[in-house]
Amino acid sequence: MAPLEPWEKVLVSADYVEKPHGDSACTDCHAGAQSAEKDAAHAGLVTSPSTDAQTYCANCHKDTVTTFGSSLHATQAGYWTAINTRSTPENHPALETMFGNHCSSCHTTCGDCHVSQPSSVGGGFLSGHTFEKTPPMTRTCTACHGSRVGAEYLGSHEDIPGDVHFREERFNCVSCHAGTDLHAAAADENAHRYAGEQNPKCENCHAVGSSTDPVMQHSLHKDKLACQVCHSVEYTSCDNCHVSISDKTGNPMFKTDATYLTFFIGLNPRQDENRPYEYVLLRHVPAAPDSYSFYGENLLPNFASGPTWVYTTPHNIQRNTPQNGKCENCHANPALFLTADKVAESELEANQSVIVPEPPKAVGK
Amino acid sequence: MSQKRNLFQIAVGACLLVGLTAACAQAPQPSPTAAATATALPTNTLVPPTATATLTPTPEPTATAVLAADYYCIECHTNKDNLIANAQPVVVVEKESEGVG
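Protein sequence lines correspond, in order, to chains B and R. Under our numbering, the first residue of the first sequence carries the number 1, and numbering increases by one thereafter. Under our numbering, the first residue of the second sequence carries the number 1001, and numbering increases by one thereafter.
Calculated from the structure, these hints are not laboratory results. It is possible that part of the hints are untrue.
[What the hints assert, rightly or not] One-sided excerpt, in silico: chain B residues whose CB lies under 7 angstroms from chain R:
# : residue
1 : Ser-147
2 : His-242
3 : Met-253
[Said to hold, decoys possible] Here are some chain R residues pointing at chain B (derived, C-beta under 10 angstroms):
# : residue
4 : Cys-1076
5 : Ile-1084
6 : Pro-1089
7 : Glu-1096
Model, not experiment: these values are computed from the prediction. Think of the CB as a built atom: it goes at the ideal place given N, C-alpha and C, for glycine as much as any other residue.
Kindly produce the complete structure, drawing on both the sequences and the hints.
Printed below as a string of structure tokens:
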């Protein structure tokens, strides 16, 4: 997505004052001062008022602001859940510095989705400061969730079709991820996007495994396989991300060693009543024991406490896939399963909970 | 004489009444189908709007139409040329990161 020109980022549409929110004075939210001089007008300017949503948004949108404040989009607590799993409390100060430099720019405010493009893609008004009730998908959702979810959903990988919900139905993100879900408070203290009830859930639309379902395989595999095991295709994995501050410019930077397409079925590391599946798809995350070594030695001493092949729900759903055509495509195909020989030796301990000891045998054997 | 005249007038009136009643009974009643057809007529069969029905164009909002409290903000931020003239020079940041983020 091409960045906006500087003037384009702050050009207010002529009819903005006629629209919702347009009846408030600019200075009500942005402070600053009335002056013909740019510097004087911008003195004390609040560029992103919704960073303090309680003050600026809650008067009218109280319920949304209340839950959004503890949502994963606002708190980024999911990252901390993963980091804390591998670290210890004494490393927190160094990790918080790291997080502030490299991760917190993905923090989302009301305005980051409903008024502007996210700052991580350069910012700027979506539409002349108009408040968009439903943010445009490619300028907000996939602007941040682009390298994996966006690329898979939209079909950016060569020879791999986009998600059937996009190709055939032109669903956008909120077709499945309702605003109330995106604004919802995190499910529990162990904040993670896969914590709590599945939402959305495929069965909300598809009567899978019901008495009217004509597909026998759905009943046979119900609660044993996540839907994606049969209905996803290859998706992105990454290796070894390292973060640092540039000697040359002083800017935060990262380096990932490799990005590649994978498809591996593994054991479910988050098996519970909400996700009872024995088998799920796994994606390699670019965590490494020394990912944050720029900020201190051995900041992830418990690196092996969490897998590097993690539960994933690729957004490239297809009705027909290479693995679901015939029983033997999966049952007699160990190449599809994450077995120990496919895991780096240094990561074997971390991935014990997801490695498949013995892939399913051929049907009838 | 006048009694005969009255009888004649009554007779003529009665004949007219019977005739009109018979004519009404023979006229086709509008059926539900005909009514539905009538309401389903395409809108382009309607009488075209007259000059007096033309809407007055809504004037484009202008900077002077906004609250006085916002005058300078709106005056500048709705003016593309002004924003271009006052924009900070673009600093091209060299991409130092490598790989997919």
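* **Status of the hint placing Met-253(B) at chain R (closest C-beta pair under 7 angstroms)** => holds, 4 angstroms
* Taking the closest Cβ pair, is Pro-1089(R) under 10 angstroms from chain B? -> Check passed: Cβ of Pro-1089(R) comes within 9 angstroms of chain B, closer than 10 angstroms.
* With a cut-off of 7 angstroms, does the beta carbon of His-242(B) approach a beta carbon of chain R closely enough for the hint to hold? -> It is violated, given that the least Cβ distance between His-242(B) and chain R is near 10 angstroms, above 7 angstroms.
* **Per-residue hint verdict: Ile-1084(R), partner chain B, C-beta under 10 angstroms** => holds, 5 angstroms
* **When the least beta-carbon distance from Glu-1096(R) to chain B is tested against 10 angstroms, hint result** => Since chain B brings a Cβ to about 4 angstroms from Glu-1096(R), closer than 10 angstroms, the hint holds.
* Asked: Given Cys-1076(R) as an interface hint, is the shortest Cβ-Cβ distance to chain B below 10 angstroms?
  -> Given a least distance of 8 angstroms, the restraint on Cys-1076(R) holds.
* To do: Would you check whether Ser-147(B) satisfies its interface hint, that is, whether its CB is within less than 7 angstroms of any CB in chain R?
  => Given a least distance of 5 angstroms, the restraint on Ser-147(B) holds.
Of the numbered hints stated above, the single one contradicted by the structure is hint 2.
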